[in-house]
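Peer 1: Residue strings, one per chain:
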Amino acid sequence: MAVRTEPTRARRILTPLVTILALLAIWQAVVSVGLVPNFLLPTPVQVVQALVEDAALLASHCVATLAEAAAGLAVGVALGFVFAVLMDRFEGFYLAFEPLMTISQTIPTVAIAPLLVLWLGYGALPKIVLVIISTFFPITVSLASGFRSVDPDVVDLMRTMNASRWQIFWYAKLPAATEQFFSGLKISATYAIVGAVIAEWLGGNEGLGVYMTRVRKSFSYDRMFAAIIVISALSLALMKLVELAQCACMPWKRAERNNNDR
Amino acid sequence: MAGAGEKNVQVADGTRSPAASSADARSVRGEDCPSAGASRPVGGGTGIPALEARDLTLSWDGEHVVVQGVDVTVEPGEVCCLVGRSGCGKTTILHALAGLTMPMSGRVLLHGEDVTGRPGRVSYMLQKDLLLPSHRIIDNVCLPLVLAGMKKAEAREKAAPLFERFGLAGCELKWPSELSGGMRQRAAFLRTYLMGADVTLLDEPFSALDALTRVDVRRWFVDVVAELGLSALVITHDVDEAVSMASRIYVLAGAPAAGEPSHVAGIVPVNRVASESFELTDEYLAAKRRVMALLG
Chain A
1 MAVRTEPTRA RRILTPLVTI LALLAIWQAV VSVGLVPNFL LPTPVQVVQA
51 LVEDAALLAS HCVATLAEAA AGLAVGVALG FVFAVLMDRF EGFYLAFEPL
101 MTISQTIPTV AIAPLLVLWL GYGALPKIVL VIISTFFPIT VSLASGFRSV
151 DPDVVDLMRT MNASRWQIFW YAKLPAATEQ FFSGLKISAT YAIVGAVIAE
201 WLGGNEGLGV YMTRVRKSFS YDRMFAAIIV ISALSLALMK LVELAQCACM
251 PWKRAERNNN DR
Chain B
1 MAGAGEKNVQ VADGTRSPAA SSADARSVRG EDCPSAGASR PVGGGTGIPA
51 LEARDLTLSW DGEHVVVQGV DVTVEPGEVC CLVGRSGCGK TTILHALAGL
101 TMPMSGRVLL HGEDVTGRPG RVSYMLQKDL LLPSHRIIDN VCLPLVLAGM
151 KKAEAREKAA PLFERFGLAG CELKWPSELS GGMRQRAAFL RTYLMGADVT
201 LLDEPFSALD ALTRVDVRRW FVDVVAELGL SALVITHDVD EAVSMASRIY
251 VLAGAPAAGE PSHVAGIVPV NRVASESFEL TDEYLAAKRR VMALLG
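Line order of the protein sequences matches chains A and B.
Residue 228 in UniProt numbering sits at position 228 of the first sequence, and the numbers go up by one each step.
Residue 162 in UniProt numbering sits at position 162 of the second sequence, and the numbers go up by one each step.
Think of the hints as simulated: they come from the structure by calculation, not from any bench.
Certain hints may be false.
[What the hints assert, rightly or not] With a Cα cut of at most 20 Å, we get these calculated SDA-like pairs of lysine to any residue:
(1) B:152 with A:164
(2) A:253 with B:172
(3) B:288 with B:204
(4) A:253 with B:129
(5) B:128 with A:149
(6) A:173 with B:161
(7) B:174 with A:176
(8) B:174 with A:251
(9) B:128 with A:152
(10) B:128 with A:154
(11) B:152 with A:174
(12) B:174 with B:161
(13) A:240 with A:178
(14) A:173 with A:105
(15) A:173 with B:177
(16) B:152 with A:166
(17) A:253 with B:177
(18) A:217 with A:51
(19) B:152 with A:162
(20) B:151 with A:217
(21) A:173 with B:139
(22) A:240 with A:183
(23) A:253 with B:139
(24) B:152 with A:252
(25) A:253 with B:161
(26) B:288 with B:239
(27) B:152 with A:167
(28) B:128 with A:155
(29) A:186 with A:244
(30) A:173 with B:133
(31) A:186 with A:105
(32) A:240 with A:14
(33) B:152 with B:174
(34) B:174 with B:196
[Stated by the list, open to error] Quick list of the computed label-pair ranges, beta carbon to beta carbon:
(35) B:177 with A:7: 18 to 26 Å
(36) A:90 with B:260: 38 to 46 Å
(37) A:94 with B:114: 35 to 43 Å
(38) A:90 with B:172: 32 to 40 Å
(39) A:19 with B:164: 51 to 59 Å
(40) B:266 with A:148: 41 to 49 Å
Computed from a prediction, not measured in an experiment: that's the story for all the values here.
All C-beta atoms, glycine included, are put in the ideal place defined by N, C-alpha and C.
Starting from the given sequences, assemble the full structure and let the hints guide the process.
Peer 2: What follows is the structure, given as structure tokens:
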């Protein structure tokens with residue numbers, strides 16, 4: 001029976017879970033046995049203890065980081081949307097800005113973050129600006145290529161129905177771009193958290209990045225790892241949120257998936 | 001009502017009377033289909049062709065002539081075919097007839113009115129069904145009504161009674177991805193019908209379907225066109241598709257890529273005898289043979 005079957009749901013969840021648990025066990029053993037000195041590397045158990053002890057503090061820093069990330073992401077998405085629409089509508093705009101956007105992506109965020117702090121101070125603004133800079137590009141590019149992915153025959157057909165430019169955009173181009181938009185948004189969501197943390201790291205009063213610089217200076221690496229876990233969890237949660245939003249916005253995808261499962 | 005429509009198709013002498021078919025269609029629409037979108041001009045009996053291309057000369061780029069001096073006439077209630085090899089400029093002609101492009105010279109007349117270069121006057125259907133994957137079937141077929149400014153609920157109300165007739169009952173709220181190829185083409189044709197024009201251009205409409213579905217859908221299409229009093233010009237490279245659907249076939253010959261513009265090499269009338277399997281009759285084969293000879 002050489003029938004290829006999809007792995008069951010239980011297997012898809014259990015297999016990576018076992019891998020993670022095994023790695024954690026190895027980590028715990030390596031430190032407990034003394035292969036790596038404990039002052040350099042805390043054990044997973046110590047990390048969890050730190051996470052629990054500092055939960056209240058982490059939560060308050062978490063709120064600051066999330067607020068910056070969300071504000072930056074919202075502005076980044078809005079700006080990206082406007083740019084993508086303009087690039088789709090005006091050929092000249094596309095030609096003028098397309099290379100610039102690619103170049104902007106080669107600028108390392110760690111390099112501009114200190115400048116932003118210098119220019120905009122220690123408040124939330126430089127963090128939000130950095131998040132905007134790092135999320136704007138994936139949104140714009142995914143939307144612009146999504147708009148372009150529409151079948152030109154669909155546009156012709158709609159023209160024969162006397163559709164206006166706006167109607168063609170609303171009925172054909174926008175739905176055609178949703179899939180790519182959401183993959184761009186997923187990337188942007190993780191960039192948003194990371195961008196906010198980097199900016200905080202370089203100067204600020206609150207946020208997970210600030211927390212991390214403080215615990216680093218006091219050599220409490222277990223707290224450092226606790227912060228890393230929180231950042232990962234935030235990114236994963238945001239990605240999941242984007243996925244849920246995608247499902248809600250694209251009901252036809254569910255039907256397509258059901259067809260494929262059959 | 002469906003019975004009356006079918007009778008209309010199977011006129012034995014082959015030359016379906018345009019006037020009679022249109023009048024019949026009008027009565028069909030009047031009694032059975034008050035919801036069929038915008039008012040349709042009916043040219044039957046006036047002697048004015050439903051669609052006429054006069055001396056069309058077309059080009060891809062404004063320099064190289066692709067199609068030279070093509071005349072095509074589709075009488076009201078008639079299904080005509082334009083057959084040519086791949087790359088002979090069929091789709092270029094379709095775009096010009098649909099008003100999407102301006103011809104280098106020549107005119108396109110719809111019921112005698114000059115519609116050259118004006119889109120939105122004839123309806124149009126391609127091999128690809130072009131259903132929007134993001135919209136349910138009912139909203140896809142309602143698209144022309146909604147684009148013309150009708151409220152969504154009102155458009156749905158107008159389209160709903162037509163699902164039965166188009167063999168789509170029960171598919172209203174499905175997504176396009178949930179339908180088979182044949183059903184999707186039916187939905188595409190219902191959308192075409194709701195565009196409200198009585199002349200339909202079709203570009204290889206059914207050649208992507210599997211062989212058995214294709215035969216069924218072609219027959220169904222010819223029936224529905226007659227029943228609804230439409231006129232259609234089918235553009236195809238498939239000789240069988242042409243002979244099984246048309247009452248007259250325009251054969252397009254030429255090789256534009258080699259600098260030899262396409263022209264109408266001949267017009268083949270098809271003697272559409274009433275038969276369960278028209279595709280097996282001598283009349284069918286005779287027409288097919290003549291078309292193939294003209295294609296060279």
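Peer 1: Confirm or reject each hint.
Peer 2: Status of the hints after comparison with the structure:
1. B:152 with A:164: This hinted pair holds, its Cα atoms lying about 17 Å apart.
2. A:253 with B:172: Holds: residue 253 (chain A) and residue 172 (chain B) sit about 17 Å apart, inside 20 Å.
3. B:288 with B:204: 17 Å, holds
4. A:253 with B:129: 18 Å, holds
5. B:128 with A:149: 16 Å, holds
6. A:173 with B:161: 29 Å, violated
7. B:174 with A:176: 18 Å, holds
8. B:174 with A:251: Since the Cα atoms of residue 174 (chain B) and residue 251 (chain A) sit roughly 11 Å apart, the hinted pair holds (cutoff 20 Å).
9. B:128 with A:152: 12 Å, holds
10. B:128 with A:154: Holds, at about 9 Å.
11. B:152 with A:174: 18 Å, holds
12. B:174 with B:161: 16 Å, holds
13. A:240 with A:178: Roughly 17 Å separates the two Cα atoms, so the pair holds.
14. A:173 with A:105: Not OK: residue 173 (chain A) and residue 105 (chain A) at ~26 Å, beyond 20 Å, violated.
15. A:173 with B:177: 18 Å, holds
16. B:152 with A:166: 17 Å, holds
17. A:253 with B:177: Between residue 253 (chain A) and residue 177 (chain B) the Cα gap is close to 9 Å, so the pair holds against 20 Å.
18. A:217 with A:51: 18 Å, holds
19. B:152 with A:162: Holds, at about 17 Å.
20. B:151 with A:217: 65 Å, violated
21. A:173 with B:139: Given pair residue 173 (chain A), residue 139 (chain B) holds - Cα atoms ~16 Å apart, limit 20 Å.
22. A:240 with A:183: Holds. Residue 240 (chain A) to residue 183 (chain A) sits at ~12 Å (cutoff 20 Å).
23. A:253 with B:139: 16 Å, holds
24. B:152 with A:252: 18 Å, holds
25. A:253 with B:161: 28 Å, violated
26. B:288 with B:239: Holds - the C-alpha atoms of residue 239 (chain B) and residue 288 (chain B) are around 7 Å apart, at most 20 Å.
27. B:152 with A:167: 14 Å, holds
28. B:128 with A:155: 13 Å, holds
29. A:186 with A:244: Holds, at roughly 11 Å.
30. A:173 with B:133: With Cα atoms ~12 Å apart, residue 173 (chain A) and residue 133 (chain B) stay inside 20 Å; holds.
31. A:186 with A:105: Satisfied, since the Cα-Cα distance of roughly 17 Å is no more than 20 Å.
32. A:240 with A:14: Holds, at about 19 Å.
33. B:152 with B:174: 17 Å, holds
34. B:174 with B:196: 24 Å, violated
35. B:177 with A:7: 18 to 26 Å: 24 Å, holds
36. A:90 with B:260: 38 to 46 Å: At roughly 40 Å between Cβ atoms, residue 260 (chain B) and residue 90 (chain A) fall inside 38 to 46 Å, so the hint holds.
37. A:94 with B:114: 35 to 43 Å: At roughly 36 Å between Cβ atoms, residue 114 (chain B) and residue 94 (chain A) fall inside 35 to 43 Å, so the hint holds.
38. A:90 with B:172: 32 to 40 Å: With a Cβ separation near 39 Å, residue 90 (chain A) and residue 172 (chain B) satisfy 32 to 40 Å, so the hint holds.
39. A:19 with B:164: 51 to 59 Å: Holds, since residue 19 (chain A) and residue 164 (chain B) (Cβ atoms, about 56 Å apart) stay within the stated range.
40. B:266 with A:148: 41 to 49 Å: The hint (41 to 49 Å, Cβ to Cβ) holds, given that residue 266 (chain B) and residue 148 (chain A) are roughly 43 Å apart.
Of the hints listed earlier, those the structure fails to meet are numbers 6, 14, 20, 25, 34, in rising order.
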